[in-house]
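Keeping their order, the protein sequence lines are chains E and C.
Following the numbering used here, the numbering of the first sequence begins with 1 at its first residue and continues without gaps.
Following the numbering used here, the numbering of the second sequence begins with 1 at its first residue and continues without gaps.
Incorrect hints may appear among the rest.
[As the list claims (entries may be wrong)] Between beta-carbon pairs, the in silico distance windows are:
| id | chain 1 | residue 1 | chain 2 | residue 2 | range |
| --- | --- | --- | --- | --- | --- |
| 1 | C | 502 | E | 73 | 35 to 43 Å |
| 2 | C | 576 | E | 240 | 39 to 47 Å |
| 3 | E | 141 | C | 631 | 42 to 50 Å |
| 4 | E | 73 | C | 624 | 40 to 48 Å |
| 5 | C | 631 | E | 95 | 19 to 27 Å |
| 6 | E | 91 | C | 380 | 51 to 59 Å |
| 7 | C | 141 | E | 91 | 38 to 46 Å |
| 8 | C | 371 | E | 21 | 39 to 47 Å |
| 9 | E | 20 | C | 314 | 49 to 57 Å |
[What the hints assert, rightly or not] Covered by chain E, per the in silico footprint, the following chain C stretches (three or more residues, Cβ under 8 Å):
| id | segment |
| --- | --- |
| 10 | 9 to 15 |
| 11 | 574 to 581 |
Everything labelled a hint here was simulated from the structure, so no lab data went into it.
Just so you know, even glycine gets a beta-carbon here, dropped at the ideal spot from N, CA and C.
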Amino acid sequence: MNMNLTLKIWRQKNASDKGSMVDYKVTDISPDMSFLEMLDVLNEQLINKGEEPVAFDHDCREGICGMCSLYINGEAHGPDRGITTCQLHMRMFKDGDTITIEPFRATAFPVVKDLIVDRSSFDRIQHAGGFISVNTSGNTIDANAIPVNKHDADDAFSAATCIGCGACVASCKNSSAMLFVGAKVSQFALLPQGKVEATDRVLNMVKQMDEEGFGNCTNTGACEVECPKGISLENIARMNREYLAASLKG
Amino acid sequence: MALDSKIPKGPIKDKWTDYKNNIDLVNPANKRNIDVIVVGTGLAGGSAAATLAELGYNVKAFCFQDSPRRAHSIAAQGGINAAKNYQGDGDSTYRLFYDTVKGGDYRSREANVYRLAEVSANIIDQCVAQGVPFAREYGGLLDNRSFGGVLVSRTFYAAGQTGQQLLLGAYSAMNRQIGRGKIKMYNRHEMLDVVKVDGKARGIITRNLITGEIERHSAHAVVLGTGGYGNVFFLSTNAMGSNVTAAWKAHKRGAYFANPCYTQIHPTCIPVSGDHQSKLTLMSESLRNDGRIWVPKHMKDVEAIKAGTLKPKDLAEEDRDYYLERRYPAFGNLVPRDVASRAAKERCDAGFGVNATGEAVFLDFASAITRYGKEQAHVKGLNENDAALVKKLGQEVVKNKYGNLFQMYEKIVDQNPYETPMMIYPAVHYTMGGVWVDYNLMTTVPGLYCIGEANFSDHGANRLGASALMQGLADGYFVLPYTIGDYLSDDIRTGPISTDTKEFEEAEKEVKDRLNFFVTNEGTHSVDYFHKKLGKIMWNKVGMSRNVKGLTEAISEIKELRAQFWKDVKVPGTNEEYNEELAKAGRVADFLELGELFAKDALNREESCGGHFREDSVELDGEQKGEALRDDENFAYVAAWEYNGEPSDAVLHKEQLEFNDIELKQRSYK
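Extracted from the complex, chain E is given alone in its bound form (with noise of 0.2 Å):
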C-alpha cells in the first residue's frame, strides 16, 4: 500500500548558514521505491513549486560508491542493517510515518549544503599513506610468485571493502575515524605486499586522522553495527597492535 509521510529535513544554504529543520509532505510513496528516489518526488515536488530541491550526496544507487550518507531517524543510513542510504527501501516505513532526515555530523565533516558534507579529510588521511609504494613498471613479480593465506587474503579483503562513506564517524559519541583508518591500515597488514611499509602508514595516517579533528575511540562499537558494509572491529583493534609496535620500533 502507497504511503503519506512527514519529513523534517535538514536545510542549510552553504557552510556558513545555521541552519534548521523544516517539515515537507509526501504521498503516494510506493514501498518498492528506494528511500532516495522517495527523496527524488519530494525534490520533483519543490522545482514545481519554484522552491529550491534539498541538496543531497548520492551517485551510484546500488551501495557500493560511498557517496550518499543521511542520518535518518537518529541512525546512520537509516534503520535498515547492511546497506547505504541508497539502498534502503521504503518498505522499512509505515503510511503516517515522520521521518528525520539529517546530515552526517562531525567537526570532521562539515556541511557544505543541506545534507552533503565535506569528507575530504577521509582522502587526506590516505594521502599520508594509505597505498603501497610501487610504482607502474609492468615488470612487478609475478602475482603468484607470493601465495598468501587464503585466511589473511580474506580477512585483507573484507578490510578493503570499506567504502568510504563515513557513516563509522557519524555513529560514533566522539567522531571517531577509528573504524575506517583501522580497515586500511589492516587491508595493507595482512598482505606481505603491505608489510614493508607497515610502520610508517600506520603511523602517519593516525597522525593524519588526529590532525584533521576526529575523536578518539572509546570501544563503544556503534560504528561496527551501522557499518554499511560489516567492517569488523577487530581492524581497529589490529590497528592498535599496528600502532602500538610501530611507536617502540620508531
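Once you've looked at the hints, dock chain C against the given chain E.
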C-alpha cells in the same frame, strides 16, 4: 580530414614492442616542465593520473564526485580478464585477442585488441603488488572464474566487487602521488569545455560544483577518462552522475565520435519495478557461471506464476525451458551478453515473461547450490544424501562467491534469492562506442587523448564480460603513459601554457552564457522530465531491436524534444552555489544531442552486429536462422562522426577495419 589510425607496421605480435622501442621519450628532467590534465578518476583516468605522476609529469586530475574513489568503475562487479593461463586451460595472448575480436563481432581494431591482450597479464601483477585483495584458493594462489563468450577461466575477481578493489588500488596509487604533490586533485569539479590553442588541446574550463566558480586550467595535453554515455537512456546501470558531457564537448571541438550506436544491453539486471525508478541494478555476469536461466515451457505455468498460485521452485524440471542451453548448447548460459539479452527479449516478447510487467526471466541457483553442497559434504565426509545439509553447505559456497550480489538483490526486490530464483531482465550497461582514437589513444584533436569506456577502440560492437576493467587499466597504466610521451616530446621547450588568452576567454564565456541561460530561463518542466522522455524514446526505438521506421521517428522526436527543452526547461537556484539541477541541465542538454547522433548512426549501419541489432538484417534460414546477420562487405568500418553544427549535419568518416590475423566469420555460439 582523413582518418589515420597510426597502426604500427609489422606482425601483430611485434607491433607494440617495436612501437615502444622507437617512440620519442621525454627525459626525466623535462617531464617536470610538462603539465597533463586528466579528467575522470575511474580505472582509466585514475591509473593514468597515477602513472603519469610517477613518471614525473605534473598532473591535474578532476572528478565531479566528492572523492576520486567514487568514480563509477567502483561498481563493476564480476572481474577482470587476463591471459595468465594460471588454470592451464589453454589460454594465451592470442586466445584472449581472438575471443575479444570475435566477441566484439569483428568490429574492433585488431592492433589495439592485440595490445590489450598483451598487457593484460601485467595488470594483474601490478594490482597484486599494490595490495589488491583478489580471491585466492586454499593454496594461496589466485583463483579464476569464467565469463561469457569464452571457453577458458581467465577472470580474476574479488567477490562481486572487483571494480571496487581495482579502483581502490588505482586510488591508492593516486593518493601516493597526491601526497607527494605530483597530482593536484580537484574533487567536485566538472569539465565543461576543452580549450584549443593553435589547433592543439591546451586546457579545459571547469565549474566548481560547490561554489559555482568557473575556472581555467591549462596543460600541454588533456586526457579524458570520463566513462560511457549509457545514461542517455535515463534508466541504466550507470551511476546517476555518469554523463557524456566531457566527451561531447570534445566532439564539438573537433574530436570525432565513433560508433555511438554500439551499446551493451546487459542481460542480467533487476527488472524495472515502476515509474519512480531512478536507475537499474546489475546482477553480475559472473552469476551465469552458476545460475541457469529459464522461463516456463507452457503458458499456463507462466500465468500461474504471475498469479502467485505456483512457486517457480515447484515447477518440474521438464516444464522449464532453459532457453540458452537449448539454443546454444556449446556456450549455454555463458553466451555473450548481446546474445543472452536478445534471447531474453525473444522469450518475453513471446509472452513467457514471469513478472507482472512480463519483462523478466528466472536466474536460478538451485542446481548450483545442490552441486556445491554435495561437493562440500563429500570433502567433509558428511552425508551427501541429506538434502537439508547439502542445501545449507551449498548456500554457504554460493554466499562466499556472490554474497554481496544476493544481498543487493534481496534489498531491492524483497525476495530471498537463496530460496527462490532471481528475476532478471536486460538493461543498458555499457557503451562500446565513444570518442574516436588512433593507436596512440589520441583523438582527432592533437594533444587530446581519450581512454577507457569513453573511447571506442577495443570492444567492437559488443564487449565481453570482465573486459572493461582490463581495458580501463590497460589504457591508464600501460598504454597512454607511453604514447603520450611521444607527443609531449615536442613540448619540452614550450613552457607553461597561459590561461590568459583569447581562446580561454572565449571558451569560458560560452560556458558562462550557457549556465546563465539555464538559471534565467523561466520554463515549466524539470530537467528530469526531459531526461525521462529522452530515455523512453531511446529505449523504445533505439534499444535492443532497431528498425528503419523506429529510428527515423526517434531522430525527429529527439529533435523536437531538444527544441522543447531549450524553450521550457526549469532550473531553480543560481550558478554561484551548489546546484545539482544546473549540473544536470548541462548534461541532459548534451544527451539530447548525442541521442540524435546515436539514432542516426544506428540508421546508417544497415547490418546487425553485436549489440546493434537491425530487424532487417537477420539470418533467414539454416542452423543460424533468426540470429544477427553482419554485412562485412559494406559495413566492416568504424563510423566516425565529425561535428558540423546540428547532429543531423554530422559528417561520416569511415575507418576501414582490416582483419589480417583473424578470419571474419559468422559468430556462432551453438
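Results for each hint:
no.: 1; hint: C:502 <-> E:73: 35 to 43 Å; verdict: violated, 55 Å
no.: 2; hint: C:576 <-> E:240: 39 to 47 Å; verdict: holds, 46 Å
no.: 3; hint: E:141 <-> C:631: 42 to 50 Å; verdict: holds, 47 Å
no.: 4; hint: E:73 <-> C:624: 40 to 48 Å; verdict: violated, 58 Å
no.: 5; hint: C:631 <-> E:95: 19 to 27 Å; verdict: violated, 57 Å
no.: 6; hint: E:91 <-> C:380: 51 to 59 Å; verdict: violated, 38 Å
no.: 7; hint: C:141 <-> E:91: 38 to 46 Å; verdict: holds, 43 Å
no.: 8; hint: C:371 <-> E:21: 39 to 47 Å; verdict: violated, 54 Å
no.: 9; hint: E:20 <-> C:314: 49 to 57 Å; verdict: holds, 55 Å
no.: 10; hint: 9 to 15; verdict: violated (count 0)
no.: 11; hint: 574 to 581; verdict: holds (count 4)
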